[in-house]
Amino acid sequence: MTTILVCEAVDLRIDHKPLLEGIAFTLAAGELLSLVGPNGLGKTTLMRCLAGVARPHAGRVRVHGEEVWPSREATFEHLACYLASQPALLSDHSVAGNLEFFVNAFGRRPTWAALREALAEVGLSGREAQVARTLSTGQKRRLTLAGLLLLKPRLVLADEPTNGLDADGVALCLRVFAQLRTGHQAAVCVASHDDRLVKSSTHVLPLERFLPAARVRRAFQGDVFA
Amino acid sequence: MNLGARRWWHTFFFVTQFSLRGVLLRKASWFGVLSFAACLLILFPFAFGTELLAQGEVRHGAFWAIQEFVVALVVGRVFQAEQENGALEALLASRAPRSALLFAKTAFTAVQLLSLQIPLVLLWAVFYNVPTEGLMQNVRFLLPVCLLFNFGTSALGALLSCVVARSQAREILLPILFFPLQMAPLLAAVTLMLRNDPAYEYVGGFADGSWWTVLAAYPVVFLAVGFLLDDVLLQE
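Top line first, the protein sequences correspond to chains A and B. If you read the first sequence in the working numbering, its first letter stands for residue 1, the second for the next number, and so on. If you read the second sequence in the working numbering, its first letter stands for residue 227, the second for the next number, and so on.
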């Protein structure tokens, strides 16, 4: 199977304090990897490093064989999408305008028909002209899922993708990820506490195993995550 | 055109297009800046009085002082729409070339400044009793000065906005870094306008060529710096 994402010996630090060390995993096409761990462990920081938004302290991240860190070779043709925990939107633009922005950022131009079809699939049919600022949190998240359906990325990095979604929304999220994995051989990496999402994963990676040795020692001595 | 160049130009046009759409959707902010500048244009004559207003350096100085207020408002909002709800992170995560983002924002901000300067020039000519015999000459000369001033100011402002974007103190840092560096093109613009005013005799100082060099150098230097710092711009 084609390897989409490689993470090698990545160290994360916050304010010069080690957060996680030696993170290493690979993700192949069609797989869904869940990164799990308690709050404050570093899941979001890791996701941002994998997406290229934040720089890790050390290590190497590659997407489709090209480096994201340390040398930043990877380009938007690799179609690696990052969904942050808060849906990324242009508040004053319409729903359709936001979808266009999302897809244009990757050098693609959506057709109006494809745009409407994607919105219909996520339950936002008829809201093309609605201003994004007026959407609820769940609707904003559905909008980002519509973006994935339009773009059909090869790698999805999703931080808490089910935040703000109702039961139908969570089922939709799982359906979209499954559609991308099976229909387009996408790889999906999520950071999530959602049991349904974790249970549907092909692999689960607890991030506690990458805690710095000193923190593990302190944990044994009774200072949990000090 | 190779893939890298196509990618760069695509990002440039797409960011410019969405920035323009954003301003058209948020018309209130453009009108707000124009109204604020127009209020200042009207208030300054009350402070100066008609005798002082007859002096060329006061007329031109007031015009450019008001331009500085406009610049402060516009440059401070270069990335505001994208930063508000994380759209900037989505754009960075898409691996779009960051220098194209910077160039697009510079070009758009320069044009936005020009769109505000055009009505302000008309109001300035009316409220400051600009002599009609020199007015057309002033306006013809003002266009290249404004264009170079706008591009230089926008290049500097966009670069500094990228530098401070990730800082928690960006609202304080940006003006502290921006205004001292922006003094040179401002002085160049004021001096060139004064020298060109037939009603005013400007004596002393550097030759016109030096001031034109300052105006032309700013966009070149700061865009070049942005291009060279492509890897680290907006980087966390």
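It should be emphasised that the hints constitute simulated quantities derived from the structure, not laboratory data. Given the structure is predicted, the values throughout are model-derived calculations rather than measurements. For every residue, glycine included, the Cβ atom is placed at its ideal position computed from N, Cα and C. Treat the hints loosely; a few may be bogus.
Computed far set for chain A versus chain B, every beta-carbon distance over 10 Å [stated by the list, open to error]:
1. T2
2. A28
3. R60
4. L90
5. F101
6. N163
7. P212
Selected chain B positions facing chain A (Cβ under 7 Å, derived; list incomplete) [unchecked claim]:
8. G312
9. S320
10. V390
11. E397
Requested in this report: Tell me, in ascending order, the numbers of any earlier hints that this structure violates.
Outcome: 4, 5, 10 and 11
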